[in-house]
Amino acid sequence: MVSLLLDGLRTTFSPGIFPFLVIGVTGGIVIGALPGLTATMGVAVLLPLTFGMESTPALVLLAGIYIGAIYGGSISAILLKTPGTPAAAATVLDGYELARKGEAARALSVSAIASFTGGMVSTVMLITISPILANFALRFGAPEYFALAVFGLSIIASISGKSPVKGLLAGMFGLLISTVGLDPVTSFPRFTFGEMNLFNGFAIIPVLIGLFALAEAFVQMEKIFEPSHAIETNFKRGMISLKETIALMPTMIKCALIGTFIGSIPGAGADIAAFVSYNEARRSSKNGSEFGTGCLEGIAAPEAGNNGVTGGAMVPLLTLGVPGDAVTAILLGALIIQGLQPGPLLFTKNADIVYGLFASLFVGNILMLIIGLLGVRLFCRVVELPKRFIIPVIITLSMVGAYSMNNSIFDMWVCVAFGVIGYIMQKADMPSSPIILAVILGPMAESNLRRAVLMYEGSYSFLWTRPIGVVFLALAALSLYSSYRRAHSS
Amino acid sequence: MKKANYCIAAAFLLLAAFVLYSAANFEQTLIQDDYVGAAFFPELLAWMTGGLALFLGGLTFRGKFDGDGRTLSDLFPGEIRIALAGLAVITLYVLSLDYFGFILATAALNFALLLLFGVRNPLSLAVFPAAISLAVYGVFYKLLVVPLPEGLFYF
Numbered sequence: 001m002v003s004l005l006l007d008g009l010r011t012t013f014s015p016g017i018f019p020f021l022v023i024g025v026t027g028g029i030v031i032g033a034l035p036g037l038t039a040t041m042g043v044a045v046l047l048p049l050t051f052g053m054e055s056t057p058a059l060v061l062l063a064g065i066y067i068g069a070i071y072g073g074s075i076s077a078i079l080l081k082t083p084g085t086p087a088a089a090a091t092v093l094d095g096y097e098l099a100r101k102g103e104a105a106r107a108l109s110v111s112a113i114a115s116f117t118g119g120m121v122s123t124v125m126l127i128t129i130s131p132i133l134a135n136f137a138l139r140f141g142a143p144e145y146f147a148l149a150v151f152g153l154s155i156i157a158s159i160s161g162k163s164p165v166k167g168l169l170a171g172m173f174g175l176l177i178s179t180v181g182l183d184p185v186t187s188f189p190r191f192t193f194g195e196m197n198l199f200n201g202f203a204i205i206p207v208l209i210g211l212f213a214l215a216e217a218f219v220q221m222e223k224i225f226e227p228s229h230a231i232e233t234n235f236k237r238g239m240i241s242l243k244e245t246i247a248l249m250p251t252m253i254k255c256a257l258i259g260t261f262i263g264s265i266p267g268a269g270a271d272i273a274a275f276v277s278y279n280e281a282r283r284s285s286k287n288g289s290e291f292g293t294g295c296l297e298g299i300a301a302p303e304a305g306n307n308g309v310t311g312g313a314m315v316p317l318l319t320l321g322v323p324g325d326a327v328t329a330i331l332l333g334a335l336i337i338q339g340l341q342p343g344p345l346l347f348t349k350n351a352d353i354v355y356g357l358f359a360s361l362f363v364g365n366i367l368m369l370i371i372g373l374l375g376v377r378l379f380c381r382v383v384e385l386p387k388r389f390i391i392p393v394i395i396t397l398s399m400v401g402a403y404s405m406n407n408s409i410f411d412m413w414v415c416v417a418f419g420v421i422g423y424i425m426q427k428a429d430m431p432s433s434p435i436i437l438a439v440i441l442g443p444m445a446e447s448n449l450r451r452a453v454l455m456y457e458g459s460y461s462f463l464w465t466r467p468i469g470v471v472f473l474a475l476a477a478l479s480l481y482s483s484y485r486r487a488h489s490s
Numbered sequence: 001m002k003k004a005n006y007c008i009a010a011a012f013l014l015l016a017a018f019v020l021y022s023a024a025n026f027e028q029t030l031i032q033d034d035y036v037g038a039a040f041f042p043e044l045l046a047w048m049t050g051g052l053a054l055f056l057g058g059l060t061f062r063g064k065f066d067g068d069g070r071t072l073s074d075l076f077p078g079e080i081r082i083a084l085a086g087l088a089v090i091t092l093y094v095l096s097l098d099y100f101g102f103i104l105a106t107a108a109l110n111f112a113l114l115l116l117f118g119v120r121n122p123l124s125l126a127v128f129p130a131a132i133s134l135a136v137y138g139v140f141y142k143l144l145v146v147p148l149p150e151g152l153f154y155f
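Chains as they are written, first to last, in full-length UniProt numbering: chain A, 1 to 490; chain B, 1 to 155.
Worth flagging that the hints you see were computed from the coordinates, not collected in a lab.
Each statement offered as a hint is correct.
Taking lysine-lysine pairs in the BS3-like style, the calculated list, with each CA pair at most 30 Å apart, reads:
#  : chain 1 : residue 1 : chain 2 : residue 2
1  : A       : K254      : A       : K243
2  : A       : K223      : B       : K3
3  : A       : K243      : A       : K286
4  : B       : K3        : A       : K427
5  : A       : K254      : A       : K101
6  : A       : K286      : A       : K101
7  : A       : K162      : A       : K254
8  : A       : K286      : A       : K254
9  : A       : K162      : A       : K223
10 : A       : K162      : A       : K427
11 : A       : K162      : B       : K3
12 : A       : K101      : A       : K223
13 : B       : K2        : A       : K162
14 : B       : K2        : A       : K223
15 : B       : K2        : A       : K427
16 : A       : K427      : A       : K223
17 : A       : K243      : A       : K101
All of these numbers come straight from a predicted model, not from anything done at the bench.
The following block holds chain B by itself, in its conformation from the complex (with noise of 0.2 Å):
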């Protein structure tokens, strides 16, 4: 774990150091600027991060945060796998709405994960999906008329 807050600490000193310099760049665009302008909260911010980021690097360097002798790859064991497959399938899905629109998209979604968390019934692999895809349309789209994306099929 101790490795893990370094890195969290770290991430958040190069995030302070982002702020900081972008807002080193905001235009003043008012007299009152001179008080409070657009950089005025990012920058506030940007240290308070900062100070935090370093507390939390002390505290750990002299080992009084999380000793729960937890190391990487407990936080990240071989199941990751899985969730990072389920991660590149939404990421499919979302490129695919514009071509395929919603319903067919989001079948395939449904079928994907099903496939990916070991189901192989086919009756389940076609039905589910499917069912799905049709229910979450109706519901949304026809009922509620809460906009869903077209594709090039128009549904």
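Bound conformation, chain A alone (with noise of 0.2 Å):
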């Protein structure tokens, strides 16, 4: 493993990849800095970038999209009391009041020495504990793989808020919508009504740039008028000292830990990673009452816990194939785009890229660590860029990438369309990640399902006699329970 990991370390330092990373953690973290531009939008957006490219630089480029997204997401909340992404709504709370007494580099600097920490280290955790459960499920077979896709379809509950009912309906819009095409048992054609464009289904990317970047888009222009609140930043303290970031360490680790917990399971993400460690933050904390002040600790916390998720979402994708959360549903089509199938097989058959992927996030974050001190003072800029020039910016490239990915203008129309259907989504307080991991999950639900049940001649008793199936099955009904109890308290 260790030369694996330093033959990833060389790939990464090489002239044809090197760039690539600097270019995704600096875009991303522009991206994640301009509020509602999302992680997910930005590794969308930007992922037909990588079409043309070897599957190396494309991991490594979208990997460092995420990771810069993930930290660049703390700059508007701290500086514009607006999250530049979900995952830093928690930052807001410390991080504001902070820069409103004109300690805005302190403030930016802690943010980005816990980030770095949160990603160092979940990619430890990812490096040892990948290659172990990836041998794990190298034992699964079809009935396995169907009560894993349920599992993962489970999530959709827990990312659907306080509408678990919706996100569900959002799901089975997605299952059905990966029933297009042509069986994959029979070839019969289904729901195609002879258009020759759908017998291979809908293509996944025009479908997520659409419910992703699209709508985010149209939700933008309603908003274009509205004036900007943000503060006037002020550096009248520098960054913090060598003496206070080691006395935030504790705290760090800690959330980085919990972070990278939160981010294997798949469906709770970064967001949720950010409050569950600001709120252990405070409770553990002897400055408690101090949280929502503008405490270091209160902007360390959800920051090491939110860039926690970085590596621990990457353990399902890489393993078993099961996206995390939003982003790593995006990254998983990017690896099937490369001609990579994630699993158990991937660290077999494609070590190289697996060992280059994790060798580049250790890279990244400390590119992360290094851009985000120098630049401090530069993405306080950034934050002011007018949205009006954005967001033409962002259609151009959304309308592109569906065209990309088959040259096909039928693409685009669907894009269009997915658009069209994620903005009337968000009005209705409709999630859409659910539909994109319907989308991925179901053809590996519905292809193991029938291909079980053939196995067993007609009879479903597998879903109760195959021991790690029976787990898959529990844990998701589990998952589902406590999203509807979560949802009927609040």
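Fit the two chains together into the complex; they arrive one by one in their own frames, and the hints show the way.
What follows is the structure in structure tokens.
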């Protein structure tokens, strides 16, 4: 493993890879810093850039955007009281208060250091846990994969906020979309209406760009004439000292571990990790009463927690082929586009790419720290970029992305249609992420379910006679129940 | 929000009914279809979708769902016209790509969006659309060799 990791580091620092990592991390920070542009949207919009690339630089670029954007979200949270990404919502509580006191540079530097710590801890966990889990997953057959897909789909309820029923309906819609095209077993055309472009089903990229990027662009258009609430950036005091950093280290490491654990549970993303970390830090801190008034721990905890998710969310993605959250769902799409099949065999067939990705996460986090600390003043200007110039760029990139996957104007129409669907869903408080999750996991669930039923000659006894499958189905039931209880109590 | 929830429930019931109707016409092509044919999974999903839609309607009817007091006019304010105009511009853009090609159509798209968003500075209106169009063309088509739509003028 060590030699594979060293090879990965060599690959990461090669001239053909390293510039993409720098571009990815920097671009991710800028995207994350812009209010309204999430990490999911950034990865979705820039995914088409990778179509013409080799696998390793493509994945390195996207991973760089991911880790950069999660950190970048804290910049606008601290300076504008507007989290750039949902993951930075908890950072607003103390970050903005500290910035108002004229200590914006201190707040931003704590955020960068905590994000770095979170990212590094989670990458170490990813490297150590993933191969073990991948080895275990080699025992899976069709019934286990079906149960795993159901478990993956059950997280829809937990990412649906206060409306699990609407989230489940969105998931059903996604599953129905995944059945469009030729039947995987009999090749019978389903719901194609004689349209040749639908014989292979809906391409995932136009669907996800439409749902995440174009829909968000429509929402932002409505707010185009709303005034900005930026505070005057003040740098009265510089960055935090080494002594303060050391004092914050136990909190950061603890919250990074919390974030990694939460990230590795499919469905629990960076936003949940940030709030859980914040609450835990406040509960265990001697200065709990100072939280919410501009306390350094109140910035370090959520930032270490949300960046801890980046490595954690890749554990189920790489080992089981199940995305941990919306961003990793897009990364799953990117892996498939590159001709790679996420899952246990990825570690044996494409170990060079996997360990190249691990190494790039290490280096990417270091880059994020350097760029984050050096670019504090510059990023303060980024948040002031006017939306009226950003939205046309997003729309242009969305259209290019939808087209370039299959060189198809039809895919552009699909993107526009799903943009409208995503926009209406946002209005109706329906989450879009379940659709993507279901479109990705739908074929896995269907083909393995049908295979399992055929294996058992029409019997469904595999649902309760295969131990691993039973565990996954029980976890799925638990996930649905806890989501229902949470929504009911709130 | 109540009306919106009823609309969602009705839309999903219609979708479920459509899927069941369509799936009923799927032909059996293999002997193994006795167990699980092409219609098996869509039909299963349609029944679950219908059940969930009824559940949502029931919860809304009993007042146990989304009592946030928002009305349809809150969900769709006057500013929606900007989003609809944006959608119209994008639709025209996709329609025009086959004729005008990527560079011209994209410049026109950006120009129209800037006008829609209230930009009136002639320099911005002239430079920004051209720069974005050429930059995206350069990066995707020239640098990364990603194909882009070609119109009657081959660019």
